[in-house]
Structure formats: C-alpha cells, structure tokens
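So the protein lines, in turn, are chains P and U.
For the first sequence, the working numbering gives the first residue as 1, with consecutive numbering after it.
For the second sequence, the working numbering gives the first residue as 1001, with consecutive numbering after it.
Don't read these hints as lab results, they were simulated from the structure.
It is possible that some hints are incorrect.
Stated by the list, open to error - Cross-link-like lysine to aspartate or glutamate pairs, in silico, EDC-like; alpha carbons within 20 Å at most: (1) LYS1110/U / ASP121/P; (2) LYS1136/U / GLU104/P; (3) LYS82/P / GLU284/P; (4) LYS73/P / GLU1140/U; (5) LYS100/P / GLU1140/U; (6) LYS1226/U / GLU1011/U; (7) LYS1009/U / ASP474/P; (8) LYS82/P / GLU95/P; (9) LYS1226/U / ASP474/P; (10) LYS1057/U / ASP114/P; (11) LYS100/P / GLU75/P; (12) LYS1009/U / GLU1300/U; (13) LYS1057/U / GLU1087/U; (14) LYS152/P / GLU95/P; (15) LYS394/P / GLU1087/U; (16) LYS82/P / ASP288/P; (17) LYS477/P / GLU1243/U; (18) LYS1225/U / GLU485/P; (19) LYS1110/U / GLU1140/U; (20) LYS1136/U / GLU237/P; (21) LYS539/P / GLU471/P; (22) LYS5/P / ASP484/P; (23) LYS48/P / GLU95/P; (24) LYS1110/U / ASP115/P; (25) LYS1110/U / ASP114/P; (26) LYS136/P / ASP390/P; (27) LYS1110/U / GLU117/P; (28) LYS1226/U / ASP114/P; (29) LYS1057/U / GLU65/P.
Unchecked claim - Each pair of labels, with its calculated beta carbon distance range: (30) ARG517/P / THR1075/U: 35 to 41 Å; (31) VAL263/P / ASN1191/U: 47 to 53 Å; (32) ALA389/P / GLU1078/U: 56 to 62 Å; (33) PHE23/P / GLU1193/U: 35 to 41 Å; (34) LYS1014/U / MET419/P: 37 to 43 Å.
For every residue, glycine included, the Cβ atom is placed at its ideal position computed from N, Cα and C.
So the chains spell out like this:
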Amino acid sequence: MANLKYRILLIVGLFAASAWALFPRTVVERVKRDGVFVYDTVRRVPLKRGLDLQGGMHLTLEVDESKQAVANKSEALDRALKVVRQRIDEFGVSEPVVQKAGTERIIVELPGIDDAERAQDVVQKSAFLEFQITDKTQAFEKVMPRFDEIAKNAGLSTASQAKASGDTTKKVGVTSLLTQKSDSSKDSTGKAVATTGADSAATTPAAVTGGLFSSSVQAGQIPGQYIVPEASYAAIERALALPAIQGAMPPGKVMRWGVDSLVSGTQRFFALYVLDSRPIITGEVLTDARPSTDPVEGNVVQFTLNNEGARRFKVETGKHVKDNMAIVLDQRVVTAPVLNSAIGRNGQITLGGGTLQSAQDLALVLRAGALPVPLKVAEVRSIGASLGADSINKGALSLAVAFLLIVVILVGYYRFSGMLAVAALVLYLVYTLAVLAGFNAVLTLPGLAGFVLSIGIAVDANVLIFERIREELDHGKSNRLAIDEGFRHALSAIVDTSATTILSGMVLYQYGTGPVRGFAVTLIAGLVASLFTAIFVSKTFFMIWLSRTRGNQTLSI
Amino acid sequence: MLRIFHNTKFEFVKHWRMAAGLTIAFIVAGLVTFGITGGVNYGIEFTGGTLMQVQFKQAPDVAVVRSTLDKAGITGSEIQQYGTNTEYTIRARDEKQVEAQAAGAEGISKSIASALDQQFGAGNVTIVRTEAVGPKVGSELRSGAFTAMIIASLFTLIYLAIRFDWRFGAAAVLSTAHDILVTFAFIKMFNIEVSLTVVAAILTLLGYSANDTIIIFDRVREDLKKRIKGESLAKVLDRAINETLPRSIMTHATTLASTLALLFIAGEVIRPFAMVMAFGVFVATFSSIYVAGPLLLWIESKYPRTSSDSTSRAVNAGNDNSGDTRSRKAERLAAR
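Using the sequences and the hints, build the whole thing.
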C-alpha cells in the first residue's frame, strides 16, 4: 500500500501546485483609472486573456517600402522595434506586447485601448524631426519655368490649372488667412486629397494658357512659403515626384508640404515650402520634449537639446536671426516661426490650434525618437472591452453547461465509476489550466472553445478503460483483475491515439503560424493532462476503492 | 449496470457500397456547390479585407447603411445582421480596394467609421470590433495551416505504419482525409465562412477522427490474433466495431454535449466552429465504421499479406504490455 500512498501524494501535490499557480495574486500593474494609466495593485488570476477576451488592439506593422527603399529590412525592423516599444511604454498601456514576427513584421498588442486611432498614430508616426531654414533667395521662382515645361511634357499641365486663375481674385484673402494661425483647419492633408477629385471636376472651366506651377502656385506670407489651391494639389504633388523635377530642383533646396490645409471661404489651400536641404539640427540631438500650454500660442511642445545639439543650434540660429525656421516632422512642415534671436538648449514647437492631446502625443513620439523606417499597418484588429467581457461570460457559461451535461452522462451511465471519472475530469480541468498558465499561454476565444470541447474528448480515455473493465467483468473476472486488465488492455489504444495527437500537435507547432501554434500548445497541454488523469488518477481512485472493499462487493460501473 | 449496444452483432462492413454511395454523393454535392458559387468563402484573415462589427443605437435601415457605404466609396461590401437587430457586421473584402488605400489595411475601416458617423450622427454608432488584414499576411497564414495539416497526416501515417502495419496506417489516413473532404463539402454547402476558428475546428477534427479510427483498428489488431480459423477479415472487422460500439457511442455523446453547449451558448463568433465540430462528430463516427474498415479490406485485397511476417508484426506490435501474448507465444513454442 506504500505505492498507493505515493500515488495519492503525487496527485494531491500536483493539485496543490496547480491551485497555487492559478490562485489570484496581487500584482503591481499599470491600470486605467478614470481615463489615466496609473500603477496600482490588482488581484489577477495568472491566466493571460487574449485581446478578444479583454478588449484591445492588435497591430501588425511592416516596412512601408513605397515610401522608402530599405536595404536591410530585418535590421531596420530591430531598430524600429526598440522605438515602438519605448513609445508604447510611454503611452502607458498595461501589459503591451511588442515583438518581431519573422523578419518582416512587428506585432503590437495593446490590451484595453479604446482609442484605437490615436494608439495607431503614436505607434506609426515616424517622428523624424528636422529644423530647416526657409529659402529667401526666391530660388523657386527661378526654376519655375523649367518646372512648368517638365510638367507640361509629363502631361500634368491641364485640368487643375484653370482653377488657379479663378483663384487669383482671392489672393488677398489667402494671404490674410495665412497671418492668422487659428484659421488653419485641423483636417489632415491626406483627407483633403480624397475630396479633391470631385471638387475640381465640378468647378473646372476650360484650361487657360500658362504652366502648372506658374499659374497655380502663389507666393505666401513668409519667404520660401507658397500657396497651392486644393484643385492643383494632386497635380503638383505628382509633378514634384517626377524624377525630372527632382533633378531640376534648385541646388541645396528641398520642397516640403505643410501639415495642415488652410480654409478661406469655400476654398482650401495647401502650403508648400522651399527649404535649405541641410537641416540645422535633427531630432537626434533632442533629449526631452514636453507638452505645454502657452497663453498666446496655444498648445506647444517644449524641447530640450543635448550639449552638442544646443551648441550647434545656437550657432546656426544666431546666423539666421530674422529668418524663418521651419520645424519639419516626417517631411511635413509643422510650423515656420521667425527667429527673433539665437536659441540655445530649449525651444518650442507651436502646434497652431492643435489639441493638448496632440501636443502630448507629439512630445511622446519625439521623446522616444524617430523610427528608422516608415511603417505601415498590415493588419489591425480592435475589440471593444464590453464585447470581450461578453465573450468570457458566454464562454464560461458554455463550459459550465458542457461540464454538467458530461457529468450527467458519465454518472448516469457508469454510476459510481462515473463519479470517479468526473473527479478525474475536475483534476484534468485544473491541471490543464495550470499548465497553460505555466507556459504563459494566452487564452483566446477559440482557445476557450477548444478547452470546452476538450472536456468532452478528455473523458474518452476513461470511457475506453471503463468499457474494457465491463468486458473483463463479463468474462467473469474478479473486480481487482478486471480493473487491472481493463487498464492494461485499454492502454495500447490510448497510447496510440495520444502519440498521433501529440505528433500532430508538434507538427502544427513547428509549421503553423500564430493562432495555429496556440492551438497546438493547448492541444498538447490538454492531452498530457488527460493522459495523467485518465490513467494514473482514475487508477489510483480504483485502487483506493479496492483497498476499502472486501473482494465480493460488486463494482458499480 | 446501464448498457447500450451491448453484445451487438451488426454487419457493418457489408454495407460499404451504400456508405460509399452516400459519402460520394455528399462530396459531389459539395463539389457542385463549389462549382456553382465558386471558391471557398474565406474569412478576412485569409483574404485580407476589413470586417467591422457595429452597434447602432436604433435599428437602422440596411438600405441606408448600404447607400452610405457606397457613397463613401466602399462598394460591394456585405452587410449582415448579427445577434440583435441593432448589431451588424460590415465586410469589405475587395483586395484591390484594400491595396489601394495608401494608409494600408486599416484605411477602409476609418472611412467606414467616418461615413457612418456622418450619416447617423456621432455617438449613435459604436464600433465594437474591427479587423483589417492585408492580403499578404492572410496568404501566409493559409499556406502555413495547409502545410501543417499535410505534414501532420504524414507523421500519423508513419507512426501507424510502425506501430501497426502500413495497411492500417494508410486506411486510417485515407479515412481521415475523407472526413476532411466531407467537412469541406459541408462547409461549402452551408456557406460557412472559413475563418481561423474554423481552421481550428478542422484541425481538431483531424485528430478526433484519426483517434476514433485508431481505437477501432487497435481492437481489430487485437481480434486478429484471436481469429477463429477461416474467419474472414471482414468478420473480424465487424466484431471489432461491435465490441467498441458502446465506447464509440459514449465518447461521441460527451463530445457532442460539449459541442452543443458551444453551439447554443458561446455566441456568434464560436458558432461556425461549433457547427463544423458538431457535423464532424457524426462524420468521424460514420467514417471510422463505414470508411476506414472497408478501406482496410480494399487495401488488403490489393496488397495481400504475402508472408505471415507482416501479420504477426501487426499483431505483436499491439501487445507490448499484454501479458497473455507472451503466454500464448510460450504455448505456441511448447506445441512445437
């Protein structure tokens, strides 16, 4: 009976370990309280819930090669990974996942995020910051005829230019508009483009003579700034991308669009800047950035530079007093204030009517540094928190119902032995969950469904053994012998089915991706637990029963 | 002792023609629907595209929702009621449309959200769930799952060939393949969307069906050595199936109980999974009796066991743990 004692000890020990592994414990975690993330202690069952069960956002990012050719993608992704991780940490999500998937993608998981769009912007923003002096040599006017010619040859000199001639009457309106920052629309330029086509088609009269650039681009309020009406925006943007135009750029200058569009009456305008191509400093020398609210300027981001950056910035800004310095983020001009004096270590970026939140987000991405490559979203899933909670409730209810049904079937059919099987099944549930918790497996909705299903399948081994015991009893064997033989004969079938299942599970793990892998882990964990409970645990139960009965009692099976 | 199907003497194998006719008819019906409606109804995680689950404050007019989306340039999207009459899913799966979005995969969901906000007023429409997948991710996922399935089948075949006999292995794998085929036909006929959860169901089924067949084959192997002289293999098969019948009924009943709980309680997301599994339980039962057995007979007739070698190997393999083979062997030795 010493053998039996050890068996019981092992089962109880494992149960205690599993219960301990699954016991809710107090952890310090970043949690959301009244809309802000704070560190706090919470009690949690150490089973990780997937995004579909708690709500949140899943992003798959990949290098956007349409914007920039990348030689070594994997290495660039490694660097991007660091930046994204740092930004997410600062964004303040509890238990985020930021990891590389293969050599091509980054996976970001943000549990509990309800503002999906904002999160996405923070992750994806490239945040390459440059300070460039605007051109005051009228370099653009000099190359304009050449630009017009190239545009004409490329077939870009029609349609939109007529619009511009009509707009000249509004010139005064436009320039006065530019002086008032608060008028600038918050609409992103991207959205405006989408409506361009429809507008120009509706209002464009016949084409007039003159080049694309000379007829639609007007000088703006400050040196190096030009104003483009919405109708010509698409054509000019395309023209600027032409290699011939790129080649004809004034030497040492670059052209950049402004971040926002400007609205005057019913017309929308875009700002185009001509800048010195050599930045006076870039975001690399930035050590800190903080959002702040200025009574005059509205929401701003104040930044601090490192020693070397501060020295260079002071020298360069000193050389350019009374010039305009464009603050360029991701190749778009955020603002271009006049330099009144040399600036040293500290400066600020004016957002021109942006919200405090956008100032916070800009400060955040500047602090965490720029992405080495532009990233685009290859996949996004977001699940509302209420839907997640709903899924958990339904899943738990179906688990309970399935369990009850199986208890009824087992106890109804096998009576006392059925009860032993149910006890083994309870142990199976606890062990499996503990193994999953131990492997840090993430419980998802399909995983939960698989778990519910597995309790129906897990009793198979017990059923096999019980049926075999019945057969042996039919052959007139004693209880003890029938139980022994029943277990022994059922074993080969159980071993074969388990081995093939484990083999398949391992193959699925090896060759499957993402969710298929998760499935494989659950499959193997469940199988090992069910083997242990069906063979070892229920055998022990029978052994206990045998040790407490005198041989002639009938076995209820 | 409560007993069902105890000591039955059904002749299962005899009816193989009817079973084959039935199963072939089903597969053909599946192929015909495949031919008519064309293609598998893949979920967006495989094709790429956008799925949004939205909840309206008041039940909306579907025609208005559709025209709103059309106006926003999202043409040809599927709008489906989901759960209550205020919940809808919107699917835009046109790959070209997805690709055309400069912003990447999530572009469409943004334009859907803003179009709905404009039409119904902000706050009246809640986006409960969004999934937007680029087509490239989807195709990798698809090929990954497919390769895994094929290799898993190969491993099962090899394992069974070693443990039993290659004839048993081939019959088991072919009958599992049959189950998958029939399940595909079912999926196609009921136009179930093949999402990752459905793939999980098919993978579960793969294991479940193979298990069922192996358990019967294990009994066949055992019965082969108790074979009465002159008894045909068909008779042995029938005997083995009858002997394992109570077990099959019980285990299918418990699995079905779990599946039905999922089907009726777990909600819309799990429903396709549960439907495929519920159907799969019946197919697995059917195939392990009517498909795997006859297939084994057919393989045996094509490639009969020439030497007594392979048979005895098949028989012996199952008795690693069984005491009475050893004693029987000893008897045989003694008889010599």
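Checked hints:
Under the criterion of a C-alpha separation no larger than 20 Å, the hint pairing LYS1110/U with ASP121/P is consistent with the structure, at around 13 Å. For the hint linking LYS1136/U to GLU104/P, the alpha-carbon distance of about 11 Å falls within 20 Å, and the restraint holds. This hinted pair checks out: LYS82/P and GLU284/P have alpha carbons roughly 15 Å apart, not beyond 20 Å. Between LYS73/P and GLU1140/U, the direct Cα distance comes to roughly 18 Å. Compliance with the 20 Å bound is thereby established for this hinted pair.
Distance restraint check for LYS100/P and GLU1140/U: the Cα-Cα separation of roughly 16 Å lies within the 20 Å cut-off, and the hinted pair is therefore satisfied. For the given pair, LYS1226/U sits about 19 Å from GLU1011/U by alpha-carbon distance, which is consistent with the 20 Å threshold. With a C-alpha separation of about 17 Å, the suggested pairing of LYS1009/U with ASP474/P holds against the 20 Å cut-off. With a C-alpha separation of about 16 Å, the suggested pair LYS82/P and GLU95/P falls inside the 20 Å cut-off, and the hint holds.
Restraint check for LYS1226/U and ASP474/P: the C-alpha separation of about 17 Å stays at or below 20 Å, so the hint holds. Restraint check for LYS1057/U and ASP114/P: satisfied, since their Cα atoms lie roughly 19 Å apart, inside the 20 Å limit. A distance of roughly 11 Å separates the Cα atoms of LYS100/P and GLU75/P; the hinted pair therefore holds under the 20 Å criterion. In summary, the hint linking LYS1009/U to GLU1300/U is not supported, as the alpha carbons are separated by about 23 Å, beyond the 20 Å threshold.
This hinted pair checks out: LYS1057/U and GLU1087/U have alpha carbons roughly 9 Å apart, not beyond 20 Å. A threshold of 20 Å between alpha carbons decides the hint, and for LYS152/P with GLU95/P the separation of about 55 Å lies outside it, so the pair is violated. Restraint check for LYS394/P and GLU1087/U: the C-alpha separation of about 17 Å stays at or below 20 Å, so the hint holds. Proposed proximity of LYS82/P and ASP288/P is supported: the alpha carbons are some 17 Å apart, at most 20 Å.
Between LYS477/P and GLU1243/U the alpha-carbon distance is near 18 Å, which keeps this suggested pair within the 20 Å criterion. A hinted pair counts as satisfied when its Cα atoms are at most 20 Å apart, and LYS1225/U with GLU485/P qualifies at roughly 17 Å. Taking the CA atoms of LYS1110/U and GLU1140/U, the gap is about 25 Å. The hint is violated against a cut of 20 Å. Among the hinted pairs, LYS1136/U with GLU237/P is inconsistent with the structure: their alpha-carbon atoms are about 29 Å apart, more than 20 Å.
Of the pairs offered as hints, the one joining LYS539/P and GLU471/P holds, with about 17 Å between alpha carbons and a cut-off of 20 Å not exceeded. With a C-alpha separation of about 18 Å, the suggested pair LYS5/P and ASP484/P falls inside the 20 Å cut-off, and the hint holds. Among the hinted pairs, LYS48/P with GLU95/P is consistent with the structure: their alpha-carbon atoms are about 10 Å apart, no more than 20 Å. At most 20 Å may separate the alpha-carbon atoms for a hinted pair to count; LYS1110/U and ASP115/P meet this at roughly 13 Å.
A hinted pair counts as satisfied when its Cα atoms are at most 20 Å apart, and LYS1110/U with ASP114/P qualifies at roughly 15 Å. The suggested pairing of LYS136/P with ASP390/P is violated, with an alpha-carbon distance near 62 Å, which exceeds 20 Å. Of the pairs offered as hints, the one joining LYS1110/U and GLU117/P holds, with about 9 Å between alpha carbons and a cut-off of 20 Å not exceeded. Restraint check for LYS1226/U and ASP114/P: the C-alpha separation of about 67 Å exceeds 20 Å, so the hint is violated.
Distance check on the hinted pair: LYS1057/U and GLU65/P sit about 41 Å apart at the alpha-carbon level, beyond 20 Å; violated. Taking 35 to 41 Å as the suggested C-beta distance range, the pair ARG517/P and THR1075/U conforms, at roughly 37 Å. Between VAL263/P and ASN1191/U the Cβ separation comes to about 48 Å, which falls inside the hinted range of 47 to 53 Å. Separation of ALA389/P from GLU1078/U is about 27 Å and departs from the stated range, judged on CB atoms against 56 to 62 Å.
Checked against the hint of 35 to 41 Å, the pair PHE23/P and GLU1193/U passes, with Cβ atoms roughly 39 Å apart. Under the hint 37 to 43 Å, the C-beta atoms of LYS1014/U and MET419/P, about 40 Å apart, fit the expected range.
Violation of the numbered hints given earlier is confined to hints 12, 14, 19, 20, 26, 28, 29 and 32; the remaining hints are satisfied by the structure.
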